[in-house]
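Asker: Heads up: the protein sequence lines correspond to chains W and R, in order. Numbering follows my numbering, in which position 404 of the first sequence is assigned residue number 404; successive positions increment by one, without gaps. Convert by adding 1000 to the 1-based position in the second sequence; the result is the number in my numbering.
Take these hints with a grain of salt, some might be off.
As the list claims (entries may be wrong) - No farther apart than 30 Å at their CA atoms in a straight line, the calculated lysine-lysine pairs in the DSSO-like style are these:
no.: 1; chain 1: R; residue 1: Lys-1125; chain 2: R; residue 2: Lys-1014
no.: 2; chain 1: W; residue 1: Lys-297; chain 2: R; residue 2: Lys-1014
no.: 3; chain 1: W; residue 1: Lys-387; chain 2: W; residue 2: Lys-450
no.: 4; chain 1: R; residue 1: Lys-1019; chain 2: W; residue 2: Lys-297
no.: 5; chain 1: R; residue 1: Lys-1116; chain 2: W; residue 2: Lys-297
no.: 6; chain 1: W; residue 1: Lys-328; chain 2: W; residue 2: Lys-257
no.: 7; chain 1: W; residue 1: Lys-37; chain 2: W; residue 2: Lys-90
no.: 8; chain 1: W; residue 1: Lys-123; chain 2: W; residue 2: Lys-37
no.: 9; chain 1: W; residue 1: Lys-37; chain 2: W; residue 2: Lys-24
Claimed, not checked - Derived CB-CB ranges, DEER-like:
no.: 10; chain 1: R; residue 1: Thr-1115; chain 2: W; residue 2: Asp-344; range: 27 to 37 Å
no.: 11; chain 1: R; residue 1: Asp-1108; chain 2: W; residue 2: Thr-343; range: 30 to 40 Å
no.: 12; chain 1: R; residue 1: Thr-1115; chain 2: W; residue 2: Lys-297; range: 14 to 24 Å
no.: 13; chain 1: W; residue 1: Arg-305; chain 2: R; residue 2: Asn-1064; range: 29 to 39 Å
What the hints assert, rightly or not - Only some residues are given here: those of chain W computed to face chain R with a beta carbon under 10 Å:
no.: 14; residue: Arg-130
no.: 15; residue: Leu-222
no.: 16; residue: His-268
no.: 17; residue: Asp-269
no.: 18; residue: Gln-271
no.: 19; residue: Glu-272
no.: 20; residue: Thr-276
no.: 21; residue: Asn-279
no.: 22; residue: Tyr-280
no.: 23; residue: Gln-282
no.: 24; residue: Glu-285
None of these hints come from the bench; they were simulated from the model. Predicted, not measured: the structure shown is a model, and the values here were computed from it. Glycine included, every Cβ here is placed at the ideal spot set by N, Cα and C.
Okay, here's what each chain looks like letter by letter:
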Amino acid sequence: MKHSELTFQAIVEATPNAIILVNKEGKIAYANHQTEKLFGFNRIELISQKVEILIPQRHHEHHPDFRTQFFKSPETRAMGSGRELFAMRKDKSEFPVEIGLNPLVTLEGTMVLVSIIDITTRKKAEERFRLVVESAPNAMILANKDGEITLINAQTEKLFGYQRNELIGSKLEILIPKKFSGNHPHLRESFFHSPSVRSMGAGRDLFAVRKDGTQFPVEIGLNPIETDQGTVVLASVIDITARKRHEAMSALELKNKELEQFNYIASHDLQEPLRTVSNYVQILEEDFSGQLNQEAKNYLNTISRATLRMSMLVRTLLEFSRLGQNKKMVSLDCNTIVKNVVTDLNSLIKETKTTILIEDLPTLYAYETELMQLFLNLINNAIKFRKKDQLSEIRIGCRNNSNGHFEFYVADNGIGIEPKYFARIFQIFQRLNTSQEEEGYGIGLANCKKIVEMHGGKIWVESELGKGSTFKFTIETV
Amino acid sequence: MLIDDNMDDNFFHKRVILKNDAAEIVVIKESAEEALEYLKTYHTHDQKVHPNLIFLDINMPRMNGWEFIEEYKKLDKEIQSSMVIVMLTTSDNPDDKALARMEGVLADFRTKPLTKEMLEEVLTKYCSNKTGL
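All chains, please: the whole structure from these sequences, using the hints.
Answerer: The following block contains the structure:
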C-alpha cells in the first residue's frame, strides 16, 4: 500500500461518521469501522456487495438510476436534498440518515466517497419539538428569515381557518391585515438582525386576519430558534378577543358605578337648596299672609308647586340610582309576583273595569322588589294609557325563547304608541303626554329598562297607534 | 340645640320650635366641633343651659354628624343624661347600618325639614319636661 493510501485510510478510520467508497457499478469498495458499528455488518460482509444492501428495499428500484446520474456529473453534494433518507442495518431495521457524496478519482476510475450520519437523535428532537408545538394551547407558527411559514400546529388551523398545506410555504403576511402587512417584512428583518425572546409590537394593538377576512386582536410572542437552516422564529399567537371584551366590560361597569355614585350625590345634594326654597315660601305664607295680595299669593303657590315637583323628580332620580343596590337574587314564582301586583292595583283595576288575563308564568331567579316594580309599572301603564271608549284588557304571558331567556309580554288594547317613540319612552324623564293629560314623572319605563337590564335582558315595545301596545322583555333563565 | 352648618335651615328650624312653643331657649351651633365645645363647658356659662334635645345634621364639613356621635359618646355620662339626639337627614331612608352606629345613644332619625308634627312626635316620645333645647 502506498503511503498516501495509508494516510487516507487512517483518516477515514478516524472520522466519527460511517464512510464507504462505492464504484460506478454500485459496489462497495471500502467501508470504515464506523460503518461496521452503524450497520451491524462485518467489513468483509460489505466489501464487493451492492450498496443496496444498506438501503431499505423500497428504494432499491430507483437507486441505480440516481447513482448513474451522479456519475454523469459527479460533484460534492448532499444526497436527496429535501427528501428524508433512510438506511438499513443488517437486521433490516431502518434509521434516518444524512448522506454526503464526494466524487473521488482513483486508478480504478471515478468512485464516490459516501459519508453517512445517523440523525436518529436529531429526528427525535425535531419530532419532540413538533409534538410540543402541536400540543400547545396557542397557535404556533414557525417561519424562516424570508417570512415563509415552515411549521404550524392544529391551533393555528383552527384560529385562522386555513388548512395546514395552505399555510406551509406561504408568506407570514397572509395572516396579517393588509393595513399592517406592508411594513411587516421590514419589522421581520429588524427582528432577525437582533433576535431575542420578546413579545411583538409592545404597546401597540395587534390584529390578525383569518382566511375569511375577519380580523381579531392578538398577542404574539416571538422566540428565535437556531437551526442548521439558520435562525428561524417561533411565533406564539393568542386570540385576546375575550380578554379585550372583558376589559371593555369592566371599564363600562366602572363608569356605571361612577355614574350611580354621581347620581346619588347629585340628587342628595339637590334636595337641600330645594328644601330651603320651600321652607321659606312657607314662612312667607305663614308670617306675611296679611301683607300679601292675591297675585303675590298665586306666585308663591306656583313656586311651591315647582319646588315640590322638582323635589319629586330628584327623589325619583335617587330611587332610580338605588335600584338593585346591595340586593340578592332569589328564586321567584312570577305567578305569585303578578298576583301580588294585581292585588296592589286592585282599586284602580275595579275603578277602570280592567280585565287582566294571566297565563302560567315561570319561576326564575330575580330581584324580588325590582321584579314586582317592573310588573307594577307595565300593568299600571297599560291601564293608564287605555282608550277612553273601550274597557281595558291586559294579557300577561311568557315563553321560553330557547336562547337562555324567558320572554315575557304585557299586552294591552290601549291607545298605542307611534313607532318613532319606541326608543324614547324608555329614557328617563321622557313623557309623551303633557302633564295636564296624564300624571307621572317619566320614570316608570326607565325603571323597567334598568330592572330588565339588571337581569341580563332587554325590553322593547311592539305597538301601533290606536291598536294597543305589547311590551316585551327578556330575563336570563340562569 | 341645633347643630347644622346650614344657617337657612337653622333659622327655619328655630322658628318652627319657637313658634310651636317647644322650647324656651334654642342654642345654635354651626359646626359639630363648636357644639362639642359647648357641651363640655356649658356648666361654666352664666346661663347654664343644658340642652334636652339636639337636632343634628349628618352632612357637615370637617366633623360630620356621625363623628359627632362618636365624640359625644366619650363625654361624661352626666352631660349625656337627659339628652336626646335626633339626626336630621336629607335622604329618606337610613339603612340598618346607619342605625347601628347610634347604639348607646338615645337617638332617632328624621328627614328634613323639621315640622310641627315631627316636633310634637319627638317631644311626646322622648321628653316629658320642656326646658332648654
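Asker: Work down the list of hints and note, for each, if the structure agrees.
Answerer: Now the hints, each set against the structure:
1. Proposed proximity of Lys-1125 (chain R) and Lys-1014 (chain R) is supported: the alpha carbons are some 20 Å apart, at most 30 Å.
2. A C-alpha spacing of about 24 Å is found between Lys-297 (chain W) and Lys-1014 (chain R), which places the hinted pair at or below 30 Å, so the restraint holds.
3. The suggested pairing of Lys-387 (chain W) with Lys-450 (chain W) holds, with an alpha-carbon distance near 28 Å, which does not exceed 30 Å.
4. Proximity of Lys-1019 (chain R) to Lys-297 (chain W) is assessed by CA-CA distance (about 22 Å); at most 30 Å being required, the pair is judged to hold.
5. Our distance criterion of 30 Å between C-alpha atoms is met by Lys-1116 (chain R) and Lys-297 (chain W), whose separation comes to about 22 Å.
6. Taking the CA atoms of Lys-328 (chain W) and Lys-257 (chain W), the gap is about 18 Å. The hint holds against a cut of 30 Å.
7. For the suggested pair Lys-37 (chain W) and Lys-90 (chain W), the alpha carbons sit about 11 Å apart, so the restraint of at most 30 Å is met.
8. The hinted pair formed by Lys-123 (chain W) and Lys-37 (chain W) meets the criterion: a straight-line CA distance of about 20 Å does not exceed 30 Å.
9. Pair hint Lys-37 (chain W) plus Lys-24 (chain W) holds up; C-alpha atoms about 25 Å apart against a cutoff of 30 Å.
10. Between Thr-1115 (chain R) and Asp-344 (chain W) the CB atoms are about 29 Å apart, so this pair conforms to the stated range of 27 to 37 Å.
11. The beta-carbon spacing between Asp-1108 (chain R) and Thr-343 (chain W), approximately 33 Å, falls within the hinted interval of 30 to 40 Å.
12. The hint said 14 to 24 Å for the Cβ distance between Thr-1115 (chain R) and Lys-297 (chain W), and at roughly 21 Å that hint holds.
13. Separated by about 33 Å at the C-beta atoms, Arg-305 (chain W) and Asn-1064 (chain R) satisfy the suggested range of 29 to 39 Å.
14. The beta carbon of Arg-130 (chain W) is not positioned within 10 Å of any beta carbon in chain R (closest approach about 62 Å), and the interface hint is therefore violated.
15. Because the closest C-beta pair between Leu-222 (chain W) and chain R is about 54 Å apart, greater than 10 Å, the hint is violated.
16. Hint on His-268 (chain W) holds. Least Cβ distance to chain R is approximately 6 Å, under the 10 Å limit.
17. Annotation: Asp-269 (chain W) was flagged as interfacial toward chain R, and the flag holds, the nearest CB pair being 8 Å apart, inside 10 Å.
18. With a cut of 10 Å, the hint placing Gln-271 (chain W) at the interface with chain R holds, because the nearest CB-to-CB distance is about 5 Å.
19. Restraint check, Glu-272 (chain W) versus chain R: the minimum CB separation of about 6 Å is within 10 Å; hint holds.
20. Taking 10 Å as the C-beta cut-off, the interface hint given for Thr-276 (chain W) holds, the closest approach to chain R being about 5 Å.
21. Because the smallest distance between the Cβ of Asn-279 (chain W) and any Cβ of chain R comes to about 5 Å, under 10 Å, the interface hint for this residue holds.
22. The criterion of a C-beta within 10 Å of any C-beta in chain R is met by Tyr-280 (chain W), whose closest approach is roughly 7 Å, and the hint holds.
23. Interface hint at Gln-282 (chain W): satisfied, since its Cβ lies 8 Å from the closest Cβ of chain R, which is below the 10 Å cut-off.
24. With 10 Å as the threshold, the beta carbon of Glu-285 (chain W) stays out of range of chain R, its nearest partner Cβ sitting at about 13 Å, so the hint is violated.
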